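Colleague: Each chain, written out:
2 protein chains.
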Amino acid sequence: MIRIGICGYGNLGKGVELAVQNSKDMSLVAVFTRRSPETVKTNGTQVYHLEDVLDFKDKIDVMIICGGSATDLPKQTPELSKHFNVVDSFDTHANIFMHYQNVNQIAKENGKLGVISTGWDPGMFSLNRLYMEAVLPDGTDYTFWGKGVSQGHSDAIRRIKGVQDARQYTIPKEEALNRVRSGENPLLSTREKHLRECYVVLEAGADALYVEQQIKTMPNYFADYDTVVHFISQEELEKNHKGIPHGGFVIRTGQTNVGVQHKIEYSLKLDSNPEFTGSVMTAYARACYRMNQEGKTGAITVFDVAPKYLSTKSLEELLKHTL
Amino acid sequence: MIRIGICGYGNLGKGVELAVQNSKDMSLVAVFTRRSPETVKTNGTQVYHLEDVLDFKDKIDVMIICGGSATDLPKQTPELSKHFNVVDSFDTHANIFMHYQNVNQIAKENGKLGVISTGWDPGMFSLNRLYMEAVLPDGTDYTFWGKGVSQGHSDAIRRIKGVQDARQYTIPKEEALNRVRSGENPLLSTREKHLRECYVVLEAGADALYVEQQIKTMPNYFADYDTVVHFISQEELEKNHKGIPHGGFVIRTGQTNVGVQHKIEYSLKLDSNPEFTGSVMTAYARACYRMNQEGKTGAITVFDVAPKYLSTKSLEELLKHTL
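Order-wise, the sequence lines are chains P and B. First residue of the first sequence? That's 0 in numbering that gives the first Met the number 0, and the numbers climb one at a time after it. First residue of the second sequence? That's 0 in numbering that gives the first Met the number 0, and the numbers climb one at a time after it.
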């Protein structure tokens with residue numbers, strides 16, 4: 000049994016807990032939190048304060064770190080990789096290489112292995128971008144996100160004066176998807192790729208026109224997109240927009256010879272972004288444990304993990320039934 | 000530069016030749032054939048008789064073997080793995096484990112590495128089946144093939160008395176695809192998954208009714224399927240059915256919690272089955288060379304190859320631009 004710890008118990012931590020509990024080759028030792036442990040209600044897992052994590056140095060094979068990429072993971076992943084094999088879902092694309100270097104040095108010095116930036120993007124989508132380019136080098140790939148909830152964009156709307164609550168969906172435009180699938184290799188602007196749809200609950204007496212204007216002109220977040228704003232009641236938001244669905248597409252078209260076209264497409268449609276992300280991290284925790292057992296240390300990503308390390312099946316089963 | 004040899008120069012060998020010629024990190028040393036070399040016209044590559052292959056023992060880093068799975072590869076891959084790192088596309092699913100064991104023993108004894116059963120199924124589809132199951136264990140996956148030409152089925156039709164030429168397409172049924180995508184986890188019979196469409200050119204005076212009857216009742220090949228037969232002229236077959244397109248779908252639906260559904264879908268749409276298969280084999284030749292350089296010997300499959308070995312990009316490029 001691979002002994003797993005979870006650091007951080009938000010939506011992602013809950014997703015990992017579910018995934019580990021459903022993995023027959025794993026046991027879930029503890030959840031660690033910065034909150035008062037007695038205030039954290041888990042699905043049956045023991046809760047400890049993060050300060051006590053070193054007491055578990057020899058009781059946990061892999062720590063799955065479920066903090067945020069902005070401030071938690073840049074500190075927690077290197078720090079915890081002094082003492083544990085770790086898996087995280089660091090997803091600030093621009094800083095991944097720096098994060099990799101930080102974790103690599105510390106983990107290596109301590110004989111631990113850290114699998115960084117797992118999940119679905121970065122993660123499963125990255126794998127597909129790499130495989131697609133390797134097997135179809137003369138081509139172009141496109142990544143579309145959605146339909147799904149963007150937490151960052153929802154937060155940005157909530158900060159506008161007069162907004163009580165909000166939920167923002169990123170939606171890939173069907174026309175752009177179809178142009179990509181056709182193999183025409185279009186140059187697509189931001190506006191052409193995705194639509195942003197916002198469901199907004201106003202505070203009593205708020206100015207709807209002002210709010211809509213503030214949303215649609217918000218730089219970086221909305222100004223470059225076609226943005227649709229719907230005003231709804233809190234009740235309707237609770238009823239119809241409380242899920243955290245997401246998904247998307249990676250599509251590559253290219254050729255092996257003049258006029259000989261190929262299309263490769265990978266897509267995800269997820270009812271729950273954190274539960275699926277947690278499930279991916281759990282599979283990579285299995286790989287992390289096994290590769291560290293074989294002597295691998297430092298930082299790695301999904302690109303370094305041979306697929307077999309993710310599976311619970313034997314070599315013979317894999318060759319007979321999966322290959 | 001990775002020095003590549005090609006053993007066998009049918010459609011697949013030609014596809015590999017193209018792919019290697021388009022790979023900046025590879026040089027194509029020679030094509031080996033059982034035919035008289037002077038009768039084989041390549042796209043510029045030197046041709047030698049297969050009997051002379053051992054003269055190239057120190058001149059080729061990876062031999063890509065492009066024979067058929069029925070009789071060529073079970074002999075050629077073990078035999079050549081005594082002297083070369085090898086890549087093949089052995090695709091008789093029922094015999095892969097035996098083939099693996101044969102190649103593994105001989106390659107290991109000789110310090111060589113053999114990557115067996117590459118291509119797209121087995122190959123890219125297998126990878127997707129493994130990844131999908133690992134990240135969504137509580138679910139079911141389905142593989143659909145087509146729309147594409149089945150060489151074996153086309154051959155079977157050609158053997159019927161009165162048939163001059165034929166081309167058979169395997170077509171996934173849209174209704175079955177949609178039931179799978181919906182997440183209902185249907186039990187699908189052979190007949191429900193794929194349609195077989197046949198384009199047949201009759202010999203002068205042949206009995207069309209007899210031929211159609213023979214096709215539709217042919218055990219294993221057609222009897223269990225809905226089969227549509229079209230009679231056309233040789234001219235029309237040459238004009239509209241000379242390509243070798245193929246493709247298909249791997250779809251997995253499953254859940255991470257009660258009522259929390261996810262769908263993962265991978266699809267290929269290929270203008271040329273042998274050119275794409277050759278391109279995949281070429282990417283795995285790169286991995287084969289690198290992994291053997293690191294000391295890996297024996298037989299492996301796509302499941303043993305960390306994705307990074309397939310890419311020409313540096314670690315830094317991969318982490319900054321692909322992850």
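Please keep in mind that the hints were generated in silico from the structure rather than gathered at the bench. Given the structure is predicted, the values throughout are model-derived calculations rather than measurements. Check before you lean on any hint, since a few could be wrong.
Any copy will do: because identical chains look the same in the list, a pair fits if it lies in one copy or spans two.
[Stated by the list, open to error] In silico lysine-lysine, DSS-like type, Cα no more than 30 Å apart, as pairs:
id: 1; residue 1: Lys295; residue 2: Lys312
id: 2; residue 1: Lys107; residue 2: Lys241
id: 3; residue 1: Lys58; residue 2: Lys241
id: 4; residue 1: Lys319; residue 2: Lys74
id: 5; residue 1: Lys319; residue 2: Lys107
id: 6; residue 1: Lys74; residue 2: Lys312
id: 7; residue 1: Lys215; residue 2: Lys238
Colleague: Give a verdict on every hint.
Modeller: Here's how the hints hold up against the structure:
Taking CA atoms no more than 30 Å apart as the test, Lys295 paired with Lys312 passes in both settings, with 21 Å inside one copy and 22 Å between copies. Taking identical chains as interchangeable, the C-alpha atoms of Lys107 and Lys241 are never at most 30 Å apart, the minima being 42 Å within one chain and 56 Å between chains. When the C-alpha separation of Lys58 and Lys241 is checked against a cutoff of 30 Å, the pair qualifies neither within a copy, at 37 Å, nor between copies, at 63 Å. Proximity of Lys319 to Lys74 under the C-alpha cut-off of 30 Å is restricted to the inter-copy arrangement: shortest distance 20 Å between copies versus 44 Å within a copy.
In the homo-oligomer, the alpha carbons of Lys319 and Lys107 lie at most 30 Å apart only across protomers (21 Å), although the nearest pairing inside one protomer, at 36 Å, exceeds that limit. Proximity of Lys74 and Lys312 under a CA criterion of 30 Å is satisfied inter-copy only: 29 Å between copies versus 35 Å inside one chain copy. Taking CA atoms no more than 30 Å apart as the test, Lys215 paired with Lys238 passes inside one copy only; the shortest distance there is 25 Å, against 54 Å between copies.
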